[in-house]
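Visitor: This is what each chain is made of:
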Amino acid sequence: MRFLLLFSRQGKLRLQKWFTPIPEREKKKIVRDMTTMVLARKPRSCNFLHWKDLKIVYKRYASLYFCCGLDAEENELIALEMLHRYVELLDKYFGNVCELDIIFNFEKAYFILDEFLLGGEIQETSKQVVSRAIEASDMLQEVRCCPVGTDLRSVFPSS
Amino acid sequence: MSPSVRLQEMIRVIRGARTQGEERGVIQRECAAIRAQFRQADNGTRSHNLAKLLYVHMLGYPAHFGQMECVRLIASPRYNEKRVGYLGAMMLLDEKQDASLLITNSIKNDLSHNSQYVQSLALCTLACMGSAEMCRDLAPEIDRLLRASNSYIKKKAALCAVHIVRKVPDLGELFTPAARSLLCEKNHGVLHGAVVLITELCERNPDTLEQFRKVVPELVQIMKGLVMSGYSPEHNVAGISDPFLQVRILRLLRILGRNNDTASDAMNDLLAQVATNTDSSKTAGSAVLYETVLTVMDIKSESGLRVLAVNILGRFLLNNDRNIRYISMTSLQKIVQTDHNAVQRHRGTIVDCLKDQDASVKRRALELSLALVSAVNIRSLMKELLLFLSSCPPELRAHTTSGIFNAAERYAPSQRWHIDTILHVLTTAGGDVRDETVPNLIQLITTATELHCYTVHKLYRALITDISVQSLVQVACWCIGEYGDLLLRGECEETEPVQVTEDDVLDALETVLQSHMSSPATRGFALTATMKLSTRITHNVDRIRSIVSIYGSCIDVELQQRAVEYNALFKKYDHMRAAVLERMPVIDKSSPGHTNGESAGGIKELEQTKLTQEVVLPKDPGNQVCDLLDLLGGSGEPVPSSGLSHTVPGPATSTSGGDLLDLLGGLDVSPAPPSVKVYEKNGVTLKLQTDSQTDTGMTITLTATNSTDGDITSLTLQAAVPKSVQLQMKAPSGDVIPARGLGLVTQTVLLNNPNKVSLKMRVRVCYSSQGAVCQDTVQIDSFPSPAW
Chain F
1 MRFLLLFSRQ
11 GKLRLQKWFT
21 PIPEREKKKI
31 VRDMTTMVLA
41 RKPRSCNFLH
51 WKDLKIVYKR
61 YASLYFCCGL
71 DAEENELIAL
81 EMLHRYVELL
91 DKYFGNVCEL
101 DIIFNFEKAY
111 FILDEFLLGG
121 EIQETSKQVV
131 SRAIEASDML
141 QEVRCCPVGT
151 DLRSVFPSS
Chain S
1 MSPSVRLQEM
11 IRVIRGARTQ
21 GEERGVIQRE
31 CAAIRAQFRQ
41 ADNGTRSHNL
51 AKLLYVHMLG
61 YPAHFGQMEC
71 VRLIASPRYN
81 EKRVGYLGAM
91 MLLDEKQDAS
101 LLITNSIKND
111 LSHNSQYVQS
121 LALCTLACMG
131 SAEMCRDLAP
141 EIDRLLRASN
151 SYIKKKAALC
161 AVHIVRKVPD
171 LGELFTPAAR
181 SLLCEKNHGV
191 LHGAVVLITE
201 LCERNPDTLE
211 QFRKVVPELV
221 QIMKGLVMSG
231 YSPEHNVAGI
241 SDPFLQVRIL
251 RLLRILGRNN
261 DTASDAMNDL
271 LAQVATNTDS
281 SKTAGSAVLY
291 ETVLTVMDIK
301 SESGLRVLAV
311 NILGRFLLNN
321 DRNIRYISMT
331 SLQKIVQTDH
341 NAVQRHRGTI
351 VDCLKDQDAS
361 VKRRALELSL
371 ALVSAVNIRS
381 LMKELLLFLS
391 SCPPELRAHT
401 TSGIFNAAER
411 YAPSQRWHID
421 TILHVLTTAG
431 GDVRDETVPN
441 LIQLITTATE
451 LHCYTVHKLY
461 RALITDISVQ
471 SLVQVACWCI
481 GEYGDLLLRG
491 ECEETEPVQV
501 TEDDVLDALE
511 TVLQSHMSSP
521 ATRGFALTAT
531 MKLSTRITHN
541 VDRIRSIVSI
551 YGSCIDVELQ
561 QRAVEYNALF
571 KKYDHMRAAV
581 LERMPVIDKS
591 SPGHTNGESA
601 GGIKELEQTK
611 LTQEVVLPKD
621 PGNQVCDLLD
631 LLGGSGEPVP
641 SSGLSHTVPG
651 PATSTSGGDL
661 LDLLGGLDVS
671 PAPPSVKVYE
681 KNGVTLKLQT
691 DSQTDTGMTI
701 TLTATNSTDG
711 DITSLTLQAA
721 VPKSVQLQMK
731 APSGDVIPAR
741 GLGLVTQTVL
751 LNNPNKVSLK
761 MRVRVCYSSQ
771 GAVCQDTVQI
781 DSFPSPAW
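The listed protein sequences correspond, in order, to chains F and S. The first sequence begins at 1 in our numbering and counts up by one. The second sequence begins at 1 in our numbering and counts up by one.
For the record, the hints were derived by calculation from the structure and aren't laboratory data. Each hint should be verified, as a subset may be incorrect.
Unchecked claim - Calculated pairs, DSBU-like style, for lysine-lysine (alpha carbon to alpha carbon, straight line, at most 30 Å): (1) F/12 x F/127; (2) F/59 x F/92; (3) F/52 x S/96; (4) F/108 x S/108; (5) F/108 x F/29; (6) F/17 x S/282; (7) S/167 x F/28; (8) S/383 x F/42; (9) F/59 x F/17.
All of these numbers come straight from a predicted model, not from anything done at the bench.
Could you build all of it, start to finish, from the sequences and the hints given here?
Guide: Laid out in structure tokens, this is it:
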């Protein structure tokens, strides 16, 4: 996967994850192109598009569009499943997630994504493992009183 | 107020801004505050300030002043600060920034941190934005983590290794052993990472690919386990056990089995099993089946398996889910060349998809339909394509029309069908056709001699209905000009004839001439057509004369030139008018006038060709006068000698060339280009004529005629040329020469003479005449000059 974008129906960007180094200006252009193309699609259209040499897979969940750019050899259908899995993870974490949750807690959305994907590939195929890892990291964040160098694995055993 | 509330407070304020200007103001203030905070010493709010900055960055505002803060936060011992620092690094830093190098050390330290969550942060950041240098530095660390850590870290290390291999392919060798051993893991996350890593290694290094072919049995076992296993709640998606892992394994198997019989054999059974047992009612199952089909088609699978795969794609075509129909068609497109017959079986469904609402599906269906056109299905498929054209989205029209024309040209069952099809396309989508369509169609019409009457009737009807489609109007004008007499006759076998008067026809042409919708090229066509009609109609020549003289003062230079020349044809050269405006010969597809993109110019060139073809440039000036008499004596009519002197511009008997029309003064203009008689015996005459000549070759046509009372049959011509000359004989027009000069046989010969040797040719003629077989050889030492 080359990139993953989340944007609203008005074209406002809510999350952007880039898996290859791209100059800032080009990132902006890609975002513009994606939002234009995807927002122009009719409601019951196919979820796959072609853009330059990439396959674009997008899915709309309520007021948010989840859009990712794939290389030619990647499987579009499994990418749809992957987008769905990410939404499920967000839903589990926030409880009935909506766009506002992602706006006001964008850094958490990134943390969840970073437990699910790494370098553009899926790193964990089990929902429970990902959720547990996020919870553990969150707890670690709360623990401010542990002195530096504490073996935290004794406090929070790894899954 | 806890700092994180302030972040959310800021977000709320920004969202509350009513205008872009207001938003910019708020953001400028916040950024100033953040910058000030960054400069201060550590006050416990750094992570939140950076988070605020990252939000601002996502809105599109510059945030580069936060880069150093990211570096500082990454180095902090506190987890919450590290977390935001790494996030900031992934968002604000990329390998092109200098600051990214500064975090290499922090990453190195964090890779060996006590806490796996800190290690995870470092691994994630390295995999996201690690530069080649950083990767080289840290590769040994990653390799260590691949071998000796818990599964949580192993899976991340594996994907980090993938990134490193992408950045620095040479390091692939470092990770190969570890990758191999990871396949023994039970943890799905680690397995998935291992498969991705092995895929990457094999794609980049053919030797590694060879090595990993040995693990095909192991991969097959893992897949079998997944497919046959019972319900596993942790990995189950819609009844499929870990579809993500299954898809990755299938993809790796594809790479390993490609071009290798042993590996392909080893996975054959498994693929059959997956193909038959996977439930495709939901996307997850379909994804696995899709990947299976791709793998089957790409490896050396046995034919039964291939048929199974194509049938799966056929089933997908009938699926309600649009996505599945779409990917089915993209897959069929990939295999339509190699497994053409298998795909043909699903033609009906594919053609139905042309009517789908979705633009992507329509486009795929169109590509596939065009690829499936064959001589067998051309009629029915063309009906569907024409139906599609009438309702297809505008962005697909040009592609559809050119696809239809290509298909028609290759597989047209009859000329009438071909002409009908092209006319249909022009009427439906004439504005979206290529420029060459007009001359192509005209050429097609001239060759279909029996259909001239039919064509001109159809085109006349189209013209009086609608003159807005330029391509159609141009062809219609040309036809009416050429075959207007057939139109006026009012009888036609193939279609209902129109009853028109000469005035009606001239009205139609004049409408085109005067309409603002007509392009200059179209008006040129109309004017020339009007002029041609002057020799085909009887009563209204004066009307044509007046039209032509009016346009002599037209502002459009092209039209003016034409009108002036035609005027001259009326006035000074009226005696030549009939010959000049005679019926055109069949246009040869390869003639230069034809390849001229601008159709109006092309036709004009052909007209000028007619005028100049009587200019003979003899090669040897010696006995030219006698030869000329011979060459032009085809019809036996006397040639006035005064005119003769004008026709030879060569050194011996030249007069001032003057303008083109002067050269033809007094000559009996016959349409046949000069030909040399090379053989005459038993009533069989063979003539040779040069069609075109270049420095390194020429095209000649041999024409055989028969003046005996019986038909000549089994005519064959063979030719031999000097060694360095290349000869290509085109198919003859037939092998029977009708008796009494009622018909002839022609054969075109192409000669390529790259070494420019003197061209000689020996021709052997074989034929049967009145029961006897005759065979003769002729030597040709000199060739006549070309027609023009």
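Visitor: Compare the structure with each hint and give your call.
Guide: Taking the hints in turn, this is what the structure says about them:
1. F/12 x F/127: Since the Cα atoms of residue 12 of chain F and residue 127 of chain F sit roughly 28 Å apart, the hinted pair holds (cutoff 30 Å).
2. F/59 x F/92: Satisfied, since the Cα-Cα distance of roughly 19 Å is no more than 30 Å.
3. F/52 x S/96: Holds, at roughly 24 Å.
4. F/108 x S/108: Holds. Residue 108 of chain F to residue 108 of chain S sits at ~25 Å (cutoff 30 Å).
5. F/108 x F/29: Holds, at about 26 Å.
6. F/17 x S/282: Given pair residue 17 of chain F, residue 282 of chain S holds - Cα atoms ~28 Å apart, limit 30 Å.
7. S/167 x F/28: holds (24 Å)
8. S/383 x F/42: The hint holds at about 28 Å.
9. F/59 x F/17: Given pair residue 59 of chain F, residue 17 of chain F holds - Cα atoms ~16 Å apart, limit 30 Å.
The earlier numbered hints are all upheld by this structure, with none contradicted.
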